[in-house]
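2 protein chains.
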Amino acid sequence: MMARTGTAREKILDAALKLVRAKGFSATSVDDLCAEAGVTKGAFFHHFASKEALGVAAAEHWSTLTTKLFAGAPYHLVADPLERLLAYLQFRRDILRGELAEFTCLVGTMVQEVYAEHPAIGAACQASISGHAATLEPDIAAAMRARGWEPDGSGTGWSAASLALHTQAVLQGAFILAKAKGGPAIAEESVDHLSRYIRMLFGSLQTRPTN
Amino acid sequence: MMARTGTAREKILDAALKLVRAKGFSATSVDDLCAEAGVTKGAFFHHFASKEALGVAAAEHWSTLTTKLFAGAPYHLVADPLERLLAYLQFRRDILRGELAEFTCLVGTMVQEVYAEHPAIGAACQASISGHAATLEPDIAAAMRARGWEPDGSGTGWSAASLALHTQAVLQGAFILAKAKGGPAIAEESVDHLSRYIRMLFGSLQTRPTN
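Protein chains in written order, with my numbering: chain U, 50 to 260; chain P, 50 to 260.
There's no promise every hint is true.
When chains are identical, the list treats them as one kind, so a pair holds in a single copy or across two.
Taking lysine-lysine and the BS3-like style, the derived pairs with C-alpha atoms no more than 25 Å apart in a straight line are [what the hints assert, rightly or not]:
#1 LYS72 <-> LYS230
#2 LYS230 <-> LYS100
#3 LYS67 <-> LYS117
#4 LYS90 <-> LYS117
#5 LYS100 <-> LYS72
#6 LYS90 <-> LYS230
#7 LYS90 <-> LYS100
#8 LYS67 <-> LYS90
The set of hints was computed from the structure by calculation and includes no laboratory data. Please read these numbers as outputs of a predicted model, since none were measured by experiment.
Kindly generate the complete structure, drawing on both the sequences and the hints.
Right, dumping it as structure tokens:
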């Protein structure tokens, strides 16, 4: 999966994405990163002042890559805002493929470990998660307005921002259960529960089974 | 919070609960654990053959402690199975208090990092998460049967087991967002979304706001 092209900096960042998702930030040493990237320790410290600086840059690199991935995904072609949000969740479900280290989240993994010890990395992870959640807010807000609801949550008790972040909480938790269970099936079920919640929330699904 | 009484083994396990929740498993060294527990390295290796063995024992210790905590919690006094499940979620929401390292989950934190490198720890974390989820299944199954639904999911498309695990996915993801955001507020909102989902799923809440 890893591109061996690119600058030394890019190679180190790609190595961080691979190794940190496989074994966490703390267990990934600078030596591991250099070996995986095929660069010298001198090159590493030319580009990154410290392992912490690499962690911050890796979170930013992750944001750049995932922003591109989601911007180019087919769910944007769906016309209706609610259906577009549900197509986003279907896309998230569809990409739960391959090895756990390939489909789980770099920034969720890093912030889990380093939130207290490396606040700078934690802040970069928070920016990545919240930035991605924010891309969902306009569609949620539009779907709310189409039903005469205020996106700030007055009347409904939940806001567009809150629901957008909840989708990310479910995905992050689904990754943890996938790691615990050794595969994506359990994560798919959580995405299905989330999609069912959103359909019910917007009133487009019966709450009782038909049989 | 940490009890300084108990055997050396218990002190080491309590130290692991504190340190791993604060900085992760990999960043917690045997020296850190000995210093926190006030025991010698000789005592550590008398009780645990390796740091991995300590990780497995810490997950099992966590299961024992949390099983006691939840077994003694007031939600069991609620008579109706659905309301008891919702009271459980309210209890989970109520205990999102204090420092992040005090209310987040040891086994979710460990499995996030070590699932690939230490499968024995991953298995102990999986047993802890699934064992806790299983305590919710009888109430979900009873609430389903009371509505004429099959707990195995035929007809509904979701089973009691699947919903029980989904509650744990939401909680685990909520912990990650709490760590990213530096406090429990976002986790409370995710628990509220989950409670709203479950009420709607069982048909006891309107899907549209009343205003």
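Non-conforming hints, listed in increasing numerical order: 4 and 6
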